[in-house]
Amino acid sequence: MITERLGLLGRTALVLLSALLLQVSVMSDLPAFHAVGDLMLLMAIAAGSVGGPDRGATYGFAAGLAFDLTLDTPFGLYALTFAVAGYLAGWGAAWLVQPRWWFHVSMAAGVSVVGVVVSVVVARVLGVSFKFDEIVQQALVVALWNAALIIPVRRLWFWVFGEEEPGRFRVAMQ
Amino acid sequence: MAAARPRGSRTRLALLVLVAVTILAIDERDTSTFRPVREATSTVLGPFEDGVERASRPMRQAWNAVGSDDIKDVRDENETLRAKVAELEAQGIAEADARRQLNELSQTLDLGSLGDIPTVTARVTSGPRSNLSLAIEVDKGSDHGLKLHMPVVTNAGLVGRVSQVAPRRATIELVTNPEFRVGVRLAETGELGTARGQGRDQPLVIDSSIAPGATVAADAGLVTSGVDRSAYPDAIPVARVSSTREGAGGLSLELVAEPLVDVDRLSYVNILLWEPPA
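Residue numbers (our numbering), protein chains in the order written: chain E, 890 to 1063; chain S, 2 to 279.
Hints are supplied without guarantee of correctness; some may be wrong.
As the list claims (entries may be wrong) - Far from chain E, by Cβ distances over 10 Å, these chain S residues were calculated:
#1 I27
#2 A136
#3 R230
Claimed, not checked - Label-pair restraints from in silico Cβ distances:
#4 E:S1018 <-> S:E259: 17 to 25 Å
#5 S:R30 <-> E:L898: 25 to 33 Å
#6 S:E247 <-> E:V994: 46 to 54 Å
#7 E:L898 <-> S:A249: 36 to 44 Å
#8 E:R989 <-> S:R76: 18 to 26 Å
#9 S:D235 <-> E:L898: 24 to 32 Å
#10 E:G1051 <-> S:P278: 33 to 41 Å
Quick caveat, the hints were computed from the structure, so don't treat them as lab data.
From a predicted model like this one, the values you see are computed outputs, not experimental measurements.
C-beta: ideal position from N, C-alpha, C; glycine also.
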């Protein structure tokens, strides 16, 4: 049991750290329409989509907190946003027993838009000035990236969770 | 596909949201609380970031080449720049003479100048890391003498200031950041104002003390004011006025100015090893 937990923790750390490095070193330098993709949000969505709402929230929170550590925006902003996004993704996926690939792609795009909007609104509440007219292009870019990458990233999370097929979701760390 | 009732604990989500909100509240109260953690993360991740950044450079360059304007635009821009260089060379002759006279006067009166401030040249390792961030990362840090709030410039003008320092990396808050403020003066007339960022690809707005009816020349240059206890040394070029409008309350003129530095296309920057007087 302890070995299993340690294995899960190690695989999670490896995946989140790799995603973080790719985000800050690669993705941040691949702008399109003055916006960049968001791999950490994708990690949260994929974790929820594979593991269900609880895992989505937990791993989303972890991904967001890791991202917050590398940014100059209010600390905790992305932890909050990605926890909600991960939960939503898990909640959405849990409505169906065996969703098809296009469902995951559509949901990744949809939850990404929600994630971007929530982060902007929370940032604005915290006093971070932001032009609202930029939301559309940012949400679009993030949604497209995440829709394109959701399938391989879901496989990554299956590996992390040590599961071979979707099946019914199990609640993590019960 | 078949429908299933979603299972999930709202308690866990509520707990995580509560933790996140608490962290946000602590950070909101004092932004320096989590700075050491962020700096430590930057120190630990730095070498790995460098490795990934180096390995992915060809791909990123290819992406940015595709994403940039087409070749014809680049050629046109090149032609325009060549003409500009010729013009500047001509101006340079006259300015060289003026500079020589200024240096003589400065030495006579024992006045310091921007050129006397030591600088550290740093490579920009990454642009804004998220869509809400208006900061860039550079490959020099406290080991190279960098400290918080030091001004960052290029030959074209002010880029921003150091907002976070790790031993071998630093974060630079850009001049376009809406939180950014810098005291400026009109280079020609000496009138003072405060410039503030307006966000990505947006001009700066300068709250001035100029009377609403006054005329400010189009293309008038703005430099740092360098007034007493200013956060920046005197005479760093900042922006060029593009338009004017009546300020809030109609009591003064508000200037709109384009930053001289294109902060989206930075490869190297100079950090002035200068700290504001206590």
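Quiz prompt | Hint check against the structure, violated hint numbers in rising order | solution = 1, 2, 7, 8, 9, 10
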